[in-house]
Amino acid sequence: MNTGASPEQLHHRVLDWYAVAARDLPWRRPDCTPWGIFVSEVMLQQTPVVRVEPVWREWMSRWPTPADLAADSPGEAVRAWGRLGYPRRALRLHAAAVAMTDRHAGTVPATEAELLALPGVGTYTAAAVATFAFGERTTVVDTNVRRVLARVVTGQEYAAPSPTRAELTVAADLVPADAATARTWSVALMELGALVCSARSPRCSACPVADLCAWQVAGRPAYRGPARKGQAWEGTDRQLRGALLAALRASHTPVPRSALESLSDNEIQRERCLDSLVADGLVEPLAGGRYRLPASREAS
DNA sequence: CACCCGTGGCT
DNA sequence: TAGCCAAGGGT
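Going by full-length UniProt numbering, the residue at position 140 of the first sequence is 140; the numbering climbs one at a time, nothing skipped.
Because the hints were derived from the structure by calculation, they are not lab data. All the given hints hold, so there is nothing to weed out.
Per label pair, the in silico range of CB-to-CB distance:
| hint | residue 1 | residue 2 | range |
| --- | --- | --- | --- |
| 1 | A243 | A177 | 44 to 52 Å |
| 2 | R29 | A227 | 37 to 45 Å |
| 3 | A19 | A279 | 43 to 51 Å |
| 4 | E271 | P54 | 28 to 36 Å |
Quick caveat, the model's predicted, so the values are computed rather than measured. Where is the CB? At the ideal position from N, CA and C, for every residue including glycine.
Working from the sequences, and respecting the hints, build out all of it.
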């Protein structure tokens, strides 16, 4: 299925394209700190750039170092998270800041292995921060990279639902030997996936590697693999948890249970969601049936 | 490994 | 319009 394009050809085309097409994002600027890059990577997990940027700016202004965030309450992190979604990420970011302050002298650890040990940091984020913030030569594989390589190298419209061994090998083998080049390669491949080789309507006419792309050359055959799992929303716990947390974010004083009850007529689900929010450390129960965002420093 | 976890814009 | 989808991680 492969077009026989050499790694060097791909590198050259993609890097040249990135040099002129890259977005000017604040966490990509040379003066951005490792902490700024770290925060951006966590915020960007499953959340589009346009929604992240204003919140990121606010966080950087308010908490310019890990110690600044660690010194504040986890509840303030959750409040400042706003509507980015998956608010447990705010809690983990706060916990990571505490870990950096306690175990890393207030700095972002520089190696992939140390980063992986931090809360909220998985395979992707560890590799991304290690290379984007510290120049370590890593293999960065996110949803964009997976889709671009599925098309360009393998000739398939979409990557499999979850990463395969073969896929990771393909990505690793394409990483340039030079660390500085590898760093730009990773961000460029992600940018290509975000701006040109998008999931819905790829702009192949604007693609720097269209003539080298196995999927393009094969006539852009439709995806045949297993269906992707749709995400239900209406009536789910996630929806109600979101509504409950939004009410708590909006209030700077404890919220009585009665106010939360108005958000759903389903008492069973309401209690389940409230309990799970407390268990997650996103909500702190107070005496008298009142609730607030967590003020204690020990939330998970 | 399958499932859960928010939110909103785009096709 | 109703899905589909987004720089994933934790359990």
